[in-house]
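Chemist: What follows is the residue order along each chain.
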Amino acid sequence: MKTQNIAHALFNNWGRRSVIGIPYLFLILLFTVPFLVVLKISVSETDGIRFQDLLSYVDGAVTLKIKLSNYLFLGSDPLYVETYWSSIKFAALNTAICLFIGYPFAYFMARSPANLRPALLMLVTLPFWTSYLLRVYAWKGLLDDHGVFNNILIWLHLIDSPIRMMHTAFSMTIGMVYAYLPFMILPLYANLVKMDLRLIEAAKDLGATPWQTFWLVTVPLSRNGIIAGAMLVFIPSMGEYVIPELLGGPGTLMIGRVLWDEFFSNNDWAMASAVAVTMVGLILVPLAIFNRYQADSGGVRGV
Amino acid sequence: MQQKHQGAADLTGDASFVRIDQLTKRFDEVAAVDDVSIDIRKGDIFALLGSSGCGKSTLLRMLAGFETPTAGGIFLEGVEISQLPPYERPINMMFQSYALFPHLTVFENIAFGLKRDKMPKDQIAERVEAMLNIVQLKPYAKRKPHQLSGGQQQRVALARCLAKSPKLLLLDEPLGALDRKLREQTQFELHNIIKKVGVTCVLVTHDQEEAITMADRIAVMSNGRFLQVGQPHEIYETPNCLFVAGFIGDVNLFKGTVEVDEPDHVVIGTPECRHFVSHGITGTLDMQVSIALRPEKICLQEHEPTIEQRESAQEHGYNCARGMIDAVAYFGKFTLFHVKLDSGMVIKATRENAARHEETQLVRGQRVYAWWDGSDVVVLTN
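Protein sequences, first through last, are from chains A and B. Numbering (our numbering) for the first sequence: 124 to 426. Numbering (our numbering) for the second sequence: 1061 to 1442.
Keep in mind the hints are simulated off the structure, nothing from the lab. Take the hints with a grain of salt, since some may be wrong.
DSSO-like cross-link-like pairs, simulated, lysine-lysine; straight-line CA separation at most 30 Å [said to hold, decoys possible]: (1) A:317 - B:1102; (2) B:1102 - B:1202; (3) B:1175 - B:1227; (4) B:1175 - B:1102; (5) B:1175 - A:317; (6) B:1202 - B:1256; (7) A:317 - B:1202; (8) B:1204 - B:1102; (9) B:1178 - B:1256.
Partner residues aside, some chain A positions facing chain B, computed with beta carbon under 10 Å [to be verified]: (10) 326; (11) 332; (12) 346.
Reference excerpt, derived from the structure (chain B facing chain A, CB under 10 Å, subset only) [as the list claims (entries may be wrong)]: (13) 1121; (14) 1124; (15) 1126; (16) 1145; (17) 1151; (18) 1153; (19) 1157; (20) 1160; (21) 1161; (22) 1172; (23) 1175; (24) 1211; (25) 1220; (26) 1224.
Because the structure is a prediction, the values reported are computed rather than measured. All C-beta atoms in this analysis are idealised placements derived from N, C-alpha and C, irrespective of residue type, glycine included.
Work out the full structure: start from the sequences and follow the hints.
Modeler: Here is the structure:
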């Protein structure tokens, strides 16, 4: 009996471990290992062609060589500091605009008749059916000096000469909001559609006007959706490369472009790696804070 | 209760504290509530009883303001309120699942309504404290709803809707989410708190026991209409139709025709036996009627009932049928018997287990006489 139980428990544990193990394995192989490789490159000495090992064994002495000059350079060159700062600003702006547009969007989707919702959901995800690159590129045709928008404005005699829209913060922000809006709407919708409408009724019953009910009940209860949406928009837009490259200009410094330049124009892999590692650090910090915040306030269930 | 009957002027005002006037609600041409009128007295607990889909919840939601009536009006102290939004009505509702705000503490939940009234902070704290005392949840003020048991959540919900001192309290299946053991206890607590506060209350339930124990008056609803309105004992003892008789408690129904129709008694013949009913009915000779008889009114015994056992000598030979015990179910405080009468009809009869050992145990297969008093039957003419 006893041995059987133990075997049973072992087997159970084994099964459970393998199930939990798969995502762990995935993360180790595809995230941790590449990250460590990048980390290693960022602190390695190079002989011009090959990166040297960090640990070397010469004449009975183990030497650990860590080259920090790339990181020191990152801190000393205002270009990098400014780029990080500018990336954070654009990502934050993008997140804010997406939330501002996405929340009402998700709200009305969630409150629309149940038979309409699949169609609305379909419309939100429809852009994913076309290539991302193509859709971003399409904005060029709209925002160009001789693009659709300028032509319409000129035709309406609202302006005499084209307004410069391409390669500005404006064009890049439009592109980013356009590309990331569904990532804000979907988690918000998933949250709002599950909301217990009796709570809304209870708030009204207790004397809250519709506006008060929205701010005191609906918004706090959708907090998890807001956080999830904001993270899904903020993190990738921090490292966004395609949109700054195609729609951005000299005034829109983004870390993704700097990274590309270091890798492919300067061929300075070590420097590029240092930029990448620092960016992961910059993203991991808010993520860690976010996770902590979630755990602390935990227990808002049934939302 | 007694205070209310001081002074005639007061009585007339209080008798129709809430007036529901020809209220109708249609959803896509289907009438959920169909031309319902009722006056509810101040301080009463009024129960709407019916099975699901009978319109009781729609009626409650119209009182709360979540539904707008298709026709008719709702008057609270003579003021028409049916077009007011819920947040402008001096009415609060306790939801079936309590609908406590999960992101707020017990204190904040109770304070929610008070804050909307722009009550000063110190007064809110005082009021919430008083409410927590009433429902005996003072130590739990800082907890979130999910950290409370079902019974505690229910009391928070009650405190939350009583905090605003509503003129009318609405309860939607107040005990529906509780398990059986807790229900009985909570039923009395809830009743006591409501009576102590003195608030007028409309309660919706599908549970006849809940309605009977909690309410001062009950309206039995079916298909959006009131079938019978009355005090619990009236509804139970003198149901006015087959539906009400069948809905409230168990009932045996005999079908037959009126054979003797006198002002003080009638005789009804059914295949089971001849029934002597010791009160007059509004009916005519040879009319088809049903006789409703509660299981607990039936006596089972091995020998024929003697004249001494009877309510009156007139009844001898009536209200008695022979049969065989078909099934016995022991319920603890009472035993339920299924008796197959010689006519083929199976009736239910209960016997209270007052003594630990009943002298005459009735067993399955035994031949018995089932008899009852002529004053215990209800004749249903429709």
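Chemist: Tell me, in ascending order, the numbers of any earlier hints that this structure violates.
Modeler: 1, 2, 8, 24
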